[in-house]
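Visitor: Chain by chain, the residues run as shown.
2 protein chains.
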Amino acid sequence: MTPAVTPAESPPAAADLIAVLTARGQSLGCAESLTGGLVCAALTDVPGASAVVRGAVVSYATDVKADVLGVDSGLLASLGAVNAEVARQMAQGACRVLASDWGVATTGVAGPDPQDGAAVGTVFVAVAGPGGCEAVELRLPGDRAAIRRAAVDAVLDLVRARVDAAEEGRPRRG
Amino acid sequence: MTPAVTPAESPPAAADLIAVLTARGQSLGCAESLTGGLVCAALTDVPGASAVVRGAVVSYATDVKADVLGVDSGLLASLGAVNAEVARQMAQGACRVLASDWGVATTGVAGPDPQDGAAVGTVFVAVAGPGGCEAVELRLPGDRAAIRRAAVDAVLDLVRARVDAAEEGRPRRG
Chain Z
0 MTPAVTPAES PPAAADLIAV LTARGQSLGC AESLTGGLVC AALTDVPGAS
50 AVVRGAVVSY ATDVKADVLG VDSGLLASLG AVNAEVARQM AQGACRVLAS
100 DWGVATTGVA GPDPQDGAAV GTVFVAVAGP GGCEAVELRL PGDRAAIRRA
150 AVDAVLDLVR ARVDAAEEGR PRRG
Chain F
0 MTPAVTPAES PPAAADLIAV LTARGQSLGC AESLTGGLVC AALTDVPGAS
50 AVVRGAVVSY ATDVKADVLG VDSGLLASLG AVNAEVARQM AQGACRVLAS
100 DWGVATTGVA GPDPQDGAAV GTVFVAVAGP GGCEAVELRL PGDRAAIRRA
150 AVDAVLDLVR ARVDAAEEGR PRRG
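Protein chains in written order, with numbering that gives the first Met the number 0: chain Z, 0 to 173; chain F, 0 to 173.
Any given hint might turn out to be false.
[Unchecked claim] Heads up, incomplete: computed chain Z residues facing chain F, CB under 8 Å, no partners named: (1) Val52; (2) Tyr59; (3) Val63; (4) Ala144; (5) Leu157; (6) Arg159.
[As the list claims (entries may be wrong)] Which chain F residues stay away from chain Z? Per the calculated CB distances, all over 10 Å, these: (7) Val19; (8) Pro46; (9) Asp62; (10) Asp66; (11) Asp71; (12) Leu74; (13) Ala98; (14) Pro113.
None of these hints come from the bench; they were simulated from the model.
All figures in this text were calculated on a predicted structure; none of them were measured in a lab.
Using N, Cα and C, we set each Cβ at its ideal position, and we do this for glycine too.
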């Protein structure tokens, strides 16, 4: 028996993020490469996600990163698609193209083969939002599915941390 | 214990479709609404998917369907986002925005609440390709996860049927 398709079940981090951003009236968009739609699928698995999630651009092909998300084509030509600056520009592109307050991005190598000189498991996740834009480099172990799953978890953790930090930086009333 | 995120495992239909389109040198892009990225995630779960999959636009918010995918905004305003013509225009938009030979689209109501006058479980899937564009209406049972999962399966089945039909219509050598 081959298993039927199993949809992404939303991790607790996805539901928490949707709840926090709903309370704030802020929106989110995704720019995904190696995760191929899993980040947005995890977020939209949460009932009520439409109050927050604008959508996603899955830029699986390198030229879609430039043509749809506006990532610098010279950067892609010189350094390839797997680096921190591409991740940052993807996250910023998500905010711009999807008209969202927050943008999250993933780019990396899920395998089975290396890409653009980067080893399997090399992943960059990025978040753009009111406080600026940040990227984090990861070296993820495991097979293709494990690397994709860990990249989803990592970018949800990163955006949640940035969202919390933005809240702390707000002027308080009273 | 809460379960960790489970990525979409690709159904056999996804692997078959990637194999067929790889052999033909044809590409595919996705335009997703209620599935939220699950179609593209299922396809990119297949090793070697990058030979075929250009990416996806997840147009979860209605205005993203118009602004990014080019769906007619008057149509969206008058009939809402859950109908066959919106599904067709999303599939055609995927081909155009992602520069792909084939475009697949999903729009519908996963619940828990009705939307645009359509009941939970009302789903339209569409395929655009060399032979034109086709949409199919579905009434899917079950909860939010089951409806999303069945919509993924349905659109993969539809595009595979269209791909096979296009092959049969080709002039044969010899």
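Visitor: Among the hints numbered above, which are violated by the structure, and what are their numbers in rising order?
Guide: Per hint list: 5, 6, 8, 9, 10, 13 violated.
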